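With the sequences and hints as input, model every part of the structure.
Chain residues, written in single-letter form:
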Amino acid sequence: KQEVTQIPAALSVPEGENLVLNCSFTDSAIYNLQWFRQDPGKGLTSLLLIQSSQREQTSGRLNASLDKSSGRSTLYIAASQPGDSATYLCAVIYNQGGKLIFGQGTELSVKP
Amino acid sequence: GAVVSQHPSWVICKSGTSVKIECRSLDFQATTMFWYRQFPKQSLMLMATSNEGSKATYEQGVEKDKFLINHASLTLSTLTVTSAHPEDSSFYICSVSGGGTDTQYFGPGTRLTVL
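The listed protein sequences correspond, in order, to chains A and B.
Numbering follows the numbering used here, with no gaps: position 86 of the first sequence is 78.
Convert by adding 191 to the 1-based position in the second sequence; the result is the number in the numbering used here.
If you're looking for bench data, these hints aren't it; they were derived computationally from the structure.
Hints are not guaranteed to be accurate.
Said to hold, decoys possible - Think about it this way: if two alpha-carbon atoms lie no more than 25 Å apart in a straight line, the pair counts; the simulated DSS-like pairs of lysine-lysine are:
#1 LYS246/B / LYS91/A
#2 LYS91/A / LYS60/A
#3 LYS205/B / LYS246/B
#4 LYS211/B / LYS91/A
#5 LYS211/B / LYS(-7)/A
#6 LYS246/B / LYS211/B
#7 LYS34/A / LYS91/A
#8 LYS255/B / LYS205/B
#9 LYS255/B / LYS91/A
#10 LYS232/B / LYS34/A
#11 LYS257/B / LYS211/B
#12 LYS205/B / LYS232/B
#13 LYS257/B / LYS246/B
#14 LYS(-7)/A / LYS60/A
#15 LYS(-7)/A / LYS232/B
#16 LYS255/B / LYS60/A
#17 LYS103/A / LYS(-7)/A
#18 LYS103/A / LYS246/B
#19 LYS103/A / LYS205/B
#20 LYS91/A / LYS(-7)/A
#21 LYS257/B / LYS91/A
#22 LYS205/B / LYS91/A
#23 LYS255/B / LYS211/B
#24 LYS257/B / LYS232/B
On a predicted model such as this, the values are computed, not experimentally measured, just so you know.
So this is what it looks like as structure tokens:
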């Protein structure tokens, strides 16, 4: 069964700290992997998309890495800010045009 | 990216009634639309995928007669929850894709509460 797991489920850090969110997937034959942000009661905002042939993607203070062989991805957030507080979801697709399979998310709280 | 809207943003209804949720792609030709359901503190679960002008493909365990999906045009899809019950209370999110890419653009979601 193709599953996505995110650890930790929740994380609280002081402002300014660097942090890492983890995502693992059971079937390593992914087509691509995405990280999303979801604010409470809102839809999803795409943060980064990594193709299966790529090792990492960067956008501002965010860096996502992909180790396809071990079935893992990490989202690194540098110099965290209170505005980063949200739930972060990772999702994989196994073939072009296929469905997104989501992890449960990590609820991040950055304290001022 | 595409701008996607959903209407209504929230709805409260009595048990046994039907509720229609609209998903609109405001500036994007959405050849494919997706409907997801998210229960509190849980992740998104795909309910169905629809291509414009075709019948929706439902995920295992999703009742197609209860969750009616119509993808009438490249900019509009509707999800109708028929004879809603309290267990149908959830956050429903749509997404759209098209233009030959896999990127999905998500709507803001609709909070359904069935009393």
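We went through each hint and held it up to the structure:
Taken as a hint, the LYS246/B and LYS91/A pair is honoured in the structure, with Cα atoms around 17 Å apart against an allowance of 25 Å. Proposed proximity of LYS91/A and LYS60/A is supported: the alpha carbons are some 18 Å apart, at most 25 Å. Under the criterion of a C-alpha separation no larger than 25 Å, the hint pairing LYS205/B with LYS246/B is inconsistent with the structure, at around 28 Å. Simply put, LYS211/B and LYS91/A have alpha-carbon atoms about 23 Å apart, close enough for the 25 Å limit, and the pair holds.
Between the alpha carbons of LYS211/B and LYS(-7)/A the distance comes to roughly 33 Å, so the proposed pair goes past 25 Å and is violated. At most 25 Å may separate the alpha-carbon atoms for a hinted pair to count; LYS246/B and LYS211/B meet this at roughly 17 Å. About 21 Å separates the Cα atoms of LYS34/A and LYS91/A, which keeps this hinted pair within 25 Å; it holds. Of the pairs offered as hints, the one joining LYS255/B and LYS205/B holds, with about 21 Å between alpha carbons and a cut-off of 25 Å not exceeded.
Between LYS255/B and LYS91/A the alpha-carbon distance is near 18 Å, which keeps this suggested pair within the 25 Å criterion. Of the pairs offered as hints, the one joining LYS232/B and LYS34/A holds, with about 13 Å between alpha carbons and a cut-off of 25 Å not exceeded. For a cut-off of 25 Å, the pair hint linking LYS257/B to LYS211/B stands: about 12 Å separates their Cα positions. Only pairs whose Cα atoms come within 25 Å are accepted, and LYS205/B paired with LYS232/B is accepted, the gap being roughly 24 Å.
For the hint linking LYS257/B to LYS246/B, the alpha-carbon distance of about 15 Å falls within 25 Å, and the restraint holds. Distance check on the hinted pair: LYS(-7)/A and LYS60/A sit about 17 Å apart at the alpha-carbon level, within 25 Å; holds. Taking the CA atoms of LYS(-7)/A and LYS232/B, the gap is near 22 Å; set against the 25 Å cutoff, the hint holds. At roughly 35 Å between alpha-carbon atoms, LYS255/B and LYS60/A are farther apart than 25 Å, so this suggested pair is violated.
With a C-alpha separation of about 37 Å, the suggested pair LYS103/A and LYS(-7)/A falls outside the 25 Å cut-off, and the hint is violated. Distance restraint check for LYS103/A and LYS246/B: the Cα-Cα separation of roughly 47 Å exceeds the 25 Å cut-off, and the hinted pair is therefore not satisfied. Taking the CA atoms of LYS103/A and LYS205/B, the gap is about 40 Å. The hint is violated against a cut of 25 Å. Between the alpha carbons of LYS91/A and LYS(-7)/A the distance comes to roughly 14 Å, so the proposed pair stays at or under 25 Å and holds.
A C-alpha spacing of about 21 Å is found between LYS257/B and LYS91/A, which places the hinted pair at or below 25 Å, so the restraint holds. As the CA atoms of LYS205/B and LYS91/A are separated by approximately 32 Å, the hinted pair breaks the 25 Å bound. Note on LYS255/B and LYS211/B: the hinted pairing holds, with a Cα-Cα distance of about 14 Å set against a maximum of 25 Å. For a cut-off of 25 Å, the pair hint linking LYS257/B to LYS232/B stands: about 24 Å separates their Cα positions.
This entry does not satisfy hints 3, 5, 16, 17, 18, 19 and 22, going by the numbered hints stated previously.
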